[in-house]
Amino acid sequence: MRIQLENVGLSFGERVALHTLSLELSEHRIGVIGLNGSGKTSFARLIAGLARPTAGRVLLDGLDTVEQAKALEGRTGFIFQNPGNQIILPIIEDDIALGLKSRGVDGADLTQRVSAALNRFGIEDLARRRPHELSGGQLQLAALAAVTVTEPDLILFDEPTNQLDLRNRAIVKDTIANLPEQAVIVSHDLDLVAGFERVLVFHEGRLAFDGWGHEALRFYRELAGC
Amino acid sequence: MSTRDLVLAALFTAIIVVLGLIPPVPLAFLPVPITAQSMGVMLAGCIIGATRGALAYVLLVVLVAVGLPVLSGGRGGLAVLMGPTAGYIFGWIVGTFVTGLLAQRLVSESQPALRQMAGFLIAGVVGGIVVVYAIGMPWLSFITGTPFDKVVTGSVVFLPGDILKAVIASLAARAVMVGYPLLPQRA
Amino acid sequence: MLNSLHIEGASWLHRMGTGWKLFALFVISLALTLIDNLPVLAGALFASLIVARSIGMKERMLWQRTKPVLLTIAFLALVNMVLLSPRDGLVILLRLPAILFFASAVTASTSLSAFIDCLTRAAMPLEKMGLLRAADLGLALGLVLRFVPEIHERYRALRDAHQARGIPVKLHRLLGPLIISTLKDADSIADAIDARGIRGQKSRH
Numbered sequence: 001m002r003i004q005l006e007n008v009g010l011s012f013g014e015r016v017a018l019h020t021l022s023l024e025l026s027e028h029r030i031g032v033i034g035l036n037g038s039g040k041t042s043f044a045r046l047i048a049g050l051a052r053p054t055a056g057r058v059l060l061d062g063l064d065t066v067e068q069a070k071a072l073e074g075r076t077g078f079i080f081q082n083p084g085n086q087i088i089l090p091i092i093e094d095d096i097a098l099g100l101k102s103r104g105v106d107g108a109d110l111t112q113r114v115s116a117a118l119n120r121f122g123i124e125d126l127a128r129r130r131p132h133e134l135s136g137g138q139l140q141l142a143a144l145a146a147v148t149v150t151e152p153d154l155i156l157f158d159e160p161t162n163q164l165d166l167r168n169r170a171i172v173k174d175t176i177a178n179l180p181e182q183a184v185i186v187s188h189d190l191d192l193v194a195g196f197e198r199v200l201v202f203h204e205g206r207l208a209f210d211g212w213g214h215e216a217l218r219f220y221r222e223l224a225g226c
Numbered sequence: 001m002s003t004r005d006l007v008l009a010a011l012f013t014a015i016i017v018v019l020g021l022i023p024p025v026p027l028a029f030l031p032v033p034i035t036a037q038s039m040g041v042m043l044a045g046c047i048i049g050a051t052r053g054a055l056a057y058v059l060l061v062v063l064v065a066v067g068l069p070v071l072s073g074g075r076g077g078l079a080v081l082m083g084p085t086a087g088y089i090f091g092w093i094v095g096t097f098v099t100g101l102l103a104q105r106l107v108s109e110s111q112p113a114l115r116q117m118a119g120f121l122i123a124g125v126v127g128g129i130v131v132v133y134a135i136g137m138p139w140l141s142f143i144t145g146t147p148f149d150k151v152v153t154g155s156v157v158f159l160p161g162d163i164l165k166a167v168i169a170s171l172a173a174r175a176v177m178v179g180y181p182l183l184p185q186r187a
Numbered sequence: 001m002l003n004s005l006h007i008e009g010a011s012w013l014h015r016m017g018t019g020w021k022l023f024a025l026f027v028i029s030l031a032l033t034l035i036d037n038l039p040v041l042a043g044a045l046f047a048s049l050i051v052a053r054s055i056g057m058k059e060r061m062l063w064q065r066t067k068p069v070l071l072t073i074a075f076l077a078l079v080n081m082v083l084l085s086p087r088d089g090l091v092i093l094l095r096l097p098a099i100l101f102f103a104s105a106v107t108a109s110t111s112l113s114a115f116i117d118c119l120t121r122a123a124m125p126l127e128k129m130g131l132l133r134a135a136d137l138g139l140a141l142g143l144v145l146r147f148v149p150e151i152h153e154r155y156r157a158l159r160d161a162h163q164a165r166g167i168p169v170k171l172h173r174l175l176g177p178l179i180i181s182t183l184k185d186a187d188s189i190a191d192a193i194d195a196r197g198i199r200g201q202k203s204r205h
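Residue numbers (this note's numbering), protein chains in the order written: chain D, 1 to 226; chain X, 1 to 187; chain S, 1 to 205.
Chain D with its partners taken away, still in its complex shape:
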């Protein structure tokens, strides 16, 4: 998917979250790093259509995320920082089925696609479990199953490993690394994005660096002063 930002800006009243920015991305793996409040999450939300640009426009494969939102429906998926709040229904497999059901999928097709999604992330045994019984890592995998089941072309991750312990972090990281889908990953976890073809560094609402993963990391460490 080709992501284009044309003179895009985002502000909330007086506060500027993202200064005017033009950019084109089409890499398979795109990392986004920056300090807290640097505008990196706003950047991801703009691409997913969760935020409307207050200036300019965002295009995905040439389609405007605001004007042509309907045509883009289902083309992007979003994995959030908090693994728990993404699971909306009391039973994991019902939750995974929800996105399909709301698009009119039912019967054998529904059952088959839900179990395929569970299999894909190795969580078949969680099908009938309740979210509050699961670990953060298990929840994040369930959220991935729920998001990928509707087959989006691009998945955005907003600090997906932030609230996980070391072991769950490794599992989720591994899963993301092996994901065939195109992905934009916003993270504090520098190892997660180190090997990426393209990493953007945001600082105070501006794009401060755009380039190879390792170079971006070097730049970011100097910027953060450590």
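Possibly wrong hints are sitting among the right ones.
Claimed, not checked - When the alpha-carbon atoms are kept at most 35 Å apart in a straight line, the in silico DSBU-like pairs for lysine-lysine are as follows: (1) K101(D) with K184(S); (2) K70(D) with K184(S); (3) K101(D) with K173(D); (4) K101(D) with K128(S).
To be verified - Cβ-Cβ distance ranges computed for the label pairs, FRET-style: (5) Q111(X) with H214(D): 49 to 59 Å; (6) V130(X) with V82(S): 25 to 35 Å; (7) A134(X) with S113(S): 45 to 55 Å; (8) E8(S) with S110(X): 54 to 64 Å; (9) R206(D) with A157(S): 37 to 47 Å; (10) V130(X) with L30(S): 28 to 38 Å; (11) E73(D) with A118(X): 42 to 52 Å; (12) L166(D) with V130(X): 55 to 65 Å.
Since the hints were derived computationally from the structure, they do not count as laboratory data.
Even for Gly, the Cβ is constructed at its ideal location relative to N, Cα and C.
Starting from the known structure of chain D, arrange chains X and S on it as the hints suggest.
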């Protein structure tokens, strides 16, 4: 209705259900312990406002109707909605709406603390007590045939507890107003 | 934690359509409310017990499930006997439990999903009028059931934190933090719903 409003209402319904799971709290100067759940009407109206609050209670009544024991003491099912006290349960929906309307009118963020508390207290007493009883008592009288004036007299014993609940609810509503104001952004 | 009052089974009442069951319950309740004849009311009470038995609900279970309401009815019957006449007390002592037991039988013989499907279908005309989205009902009920255990957990954590600091556990001190910490999740939950396109594109922003 925005997704956020729908979620706020559903989360509040979940809070009301949880309040029903907490053991009743005994109070020194009242003969019966009070259930935290019975404060829900005042809390919902004062905290998430009229529309979202009433929706939270519609969801609660639907949960009761579909057979989940979500009311305090594990009560639920259609039987509760067809019994003599069902009027109070339906009254909760209207009561929350009225509490919310009054709270939105009377309370704003710029007022001093005491003024806010007074506003919440009035909203809670009118919506959570007057309105709920105004619907619950005639229903009870109609279903059982007990004369209305006798039902009114009998209900007076609950008044001190209800007023105390309104006081506690207004303290909590004010705490939420300070920590995470939702009332001003109406649904 | 929140086990439905539904009882698994395949009785005649289980197989009956949910809409019909609710309609029948409504008609029976209305009829019993209008009838004032003692033998007929006694017959209705007996019939309600038979119906309850036919779907696997013994009297003991009926008692457990309707105890608080039955006690209220008994008290009001007593009041009526004293204030009005013994007959007036007896009427509600027969009529109201009969209605209660019929209602309990409908509740026990209908699964949660059957109820929600029925309600969603009933809400369809309202959707056509543009008043609400019928599918939102299932979503909202799912959300409630999803978050009850978490909020209960949160309540216990808050209570423990108070106890650990030696602060007496007072309801008014717990309510504020409990409600704030719960409602603060609304934004991220709403984001997750919108990002998955569950309510359609219209609801975004």
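Comparing the hints with the structure gives:
no.: 1; hint: K101(D) with K184(S); verdict: holds (28 Å)
no.: 2; hint: K70(D) with K184(S); verdict: holds (29 Å)
no.: 3; hint: K101(D) with K173(D); verdict: holds (29 Å)
no.: 4; hint: K101(D) with K128(S); verdict: holds (20 Å)
no.: 5; hint: Q111(X) with H214(D): 49 to 59 Å; verdict: holds (56 Å)
no.: 6; hint: V130(X) with V82(S): 25 to 35 Å; verdict: holds (28 Å)
no.: 7; hint: A134(X) with S113(S): 45 to 55 Å; verdict: violated (36 Å)
no.: 8; hint: E8(S) with S110(X): 54 to 64 Å; verdict: holds (57 Å)
no.: 9; hint: R206(D) with A157(S): 37 to 47 Å; verdict: holds (40 Å)
no.: 10; hint: V130(X) with L30(S): 28 to 38 Å; verdict: holds (29 Å)
no.: 11; hint: E73(D) with A118(X): 42 to 52 Å; verdict: holds (48 Å)
no.: 12; hint: L166(D) with V130(X): 55 to 65 Å; verdict: holds (57 Å)
Hint compliance for this structure: hint 7 is the single one not met.
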